[in-house]
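Kindly produce the complete structure, drawing on both the sequences and the hints.
Following the working numbering, the numbering of the first sequence begins with 15 at its first residue and continues without gaps.
Hints may be right or wrong, so weigh each one.
[Claimed, not checked] Label-pair distances were calculated between CB atoms; the ranges are:
no.: 1; residue 1: Glu320; residue 2: Phe130; range: 45 to 53 Å
no.: 2; residue 1: Leu221; residue 2: Phe157; range: 52 to 60 Å
no.: 3; residue 1: Glu155; residue 2: Lys348; range: 19 to 27 Å
no.: 4; residue 1: Gly42; residue 2: Phe157; range: 13 to 21 Å
no.: 5; residue 1: Arg217; residue 2: Lys83; range: 28 to 36 Å
no.: 6; residue 1: Lys83; residue 2: Pro208; range: 49 to 57 Å
no.: 7; residue 1: Glu320; residue 2: Glu155; range: 31 to 39 Å
no.: 8; residue 1: Glu155; residue 2: Arg280; range: 50 to 58 Å
no.: 9; residue 1: Ser367; residue 2: Phe130; range: 42 to 50 Å
no.: 10; residue 1: Lys151; residue 2: Lys83; range: 39 to 47 Å
[Said to hold, decoys possible] List time: in silico DSS-like cross-link candidates among lysine-lysine, alpha-carbon distance up to 25 Å:
no.: 11; residue 1: Lys324; residue 2: Lys153
no.: 12; residue 1: Lys183; residue 2: Lys146
no.: 13; residue 1: Lys352; residue 2: Lys324
no.: 14; residue 1: Lys137; residue 2: Lys41
no.: 15; residue 1: Lys159; residue 2: Lys17
no.: 16; residue 1: Lys194; residue 2: Lys137
no.: 17; residue 1: Lys283; residue 2: Lys348
no.: 18; residue 1: Lys159; residue 2: Lys146
Keep in mind that the hints were calculated from the coordinates and are not lab data.
Note that beta-carbon positions come from the ideal geometry of N, C-alpha and C, so glycine has one too.
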Amino acid sequence: MKKRIILHFDMDYFFAQIEERENPHFKGKPIVVGADPKGGRGRGVVSTANYEARKFGIKSGMPISKAFKLCPKAIFLPVNMELYQKVSEKIMEIAKKYSPIFGQISLDEAYLDLSFLFHDRRKKEIVWEKAKKLGEKLKKEIFEKERLICTVGIGPNKLVAKIATNQAKPNGLLVITPQKVKSFLAPLDIEEIPGIGPKTAKRLKSLGIRTISQLRKLSKEKLKKMFGKVGERFFEAARGIDREPVLVKEIVKSVGKQITFEKDTRDPKIIFAEFEKIIKAVFQELKEGNFYCKGIVVLCRYFDFETHSKSKTFKKKTKNFKLIKREAEKFLLKFLLKSKKPLRLIGLRLKVS
DNA sequence: AAGTTCTTATTAC
DNA sequence: CTAACGGTAATAAGAACTT
15 MKKRIILHFD MDYFFAQIEE RENPHFKGKP IVVGADPKGG RGRGVVSTAN
65 YEARKFGIKS GMPISKAFKL CPKAIFLPVN MELYQKVSEK IMEIAKKYSP
115 IFGQISLDEA YLDLSFLFHD RRKKEIVWEK AKKLGEKLKK EIFEKERLIC
165 TVGIGPNKLV AKIATNQAKP NGLLVITPQK VKSFLAPLDI EEIPGIGPKT
215 AKRLKSLGIR TISQLRKLSK EKLKKMFGKV GERFFEAARG IDREPVLVKE
265 IVKSVGKQIT FEKDTRDPKI IFAEFEKIIK AVFQELKEGN FYCKGIVVLC
315 RYFDFETHSK SKTFKKKTKN FKLIKREAEK FLLKFLLKSK KPLRLIGLRL
365 KVS
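Dropping the structure here:
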């Protein structure tokens, strides 16, 4: 197994930072990019908040109604996705030049495999120093060309690089060499490990496990028993082990759309009109991606958050709009008949190939 | 019994 | 005043079903 050097970078408070750049008079004020708060009654969530807004306790993914309560005087901005997409493209074009092995994770985050630096067969400290220089150069180029700051993490694999980024935010750069991995991870909260979310963390915390060093004390067998396949990954992650390659392209397995109604409803007129829009939009994506549809999943969420799905796999893959539409509407109708609760959300997903 | 398919849970961004 | 909550996508587990 060859040694690697992996760089991860993540734009700091990306959407909000772009808004600051576009409107310099926002600087220094709390900015929340996300759904319309509608005076505290909005149904959406926060996409990104700048650091001034975070001082009030506002975070990504938080209900916008809660964000509004925490800081009603913040500047609430809608998501201008086309703009962020354009900025993202420019940044990714810059980053790609630093390594042919480049893997984009989202609009604001990507990995670079810098293992080619090892072709310099000098002492390993020098090679890691070169990786750091490269990271500094990347940060500098992004800032000079786009006036945006980011954080860079460098490590022997994707896992360590990403955690390093998160620890160094904002506007940081952190290099974790293989010798430092163990002591770097030891004091960190288990939720720093990608894949350990709130539910998993709660189960581990009930055993008194809060830090990665405590997680290391659990055997592979115990973790496997508790969490199945991912448990084995937690075992390795706690030791800083990760073999995931930096992937250039990902295979799309499904495409879909879902919407939450402004108000919960049982009115079939409203529901089926919205569903038709969804079907058309999803079908458009099928066309654009030149995919075949292998099956469908229809989902619904009732007013009380109870969520259900119905899915079917077709005998033969298809691009037949009428067929897909008929099958999808059949499922939605079943949901309406099965319960008289008002609907909060409906959605359609196509399994593709 | 084995192989698919369906449904839900969890996570990440 | 408990329980606040988007949209898109992947993965895994276990149940339910076919063959």
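Exercise. Out of the numbered hints, which ones does the structure contradict?
Worked result: Result: hints 2, 3, 6, 7, 9, 11, 14 and 15 break, sorted rising.
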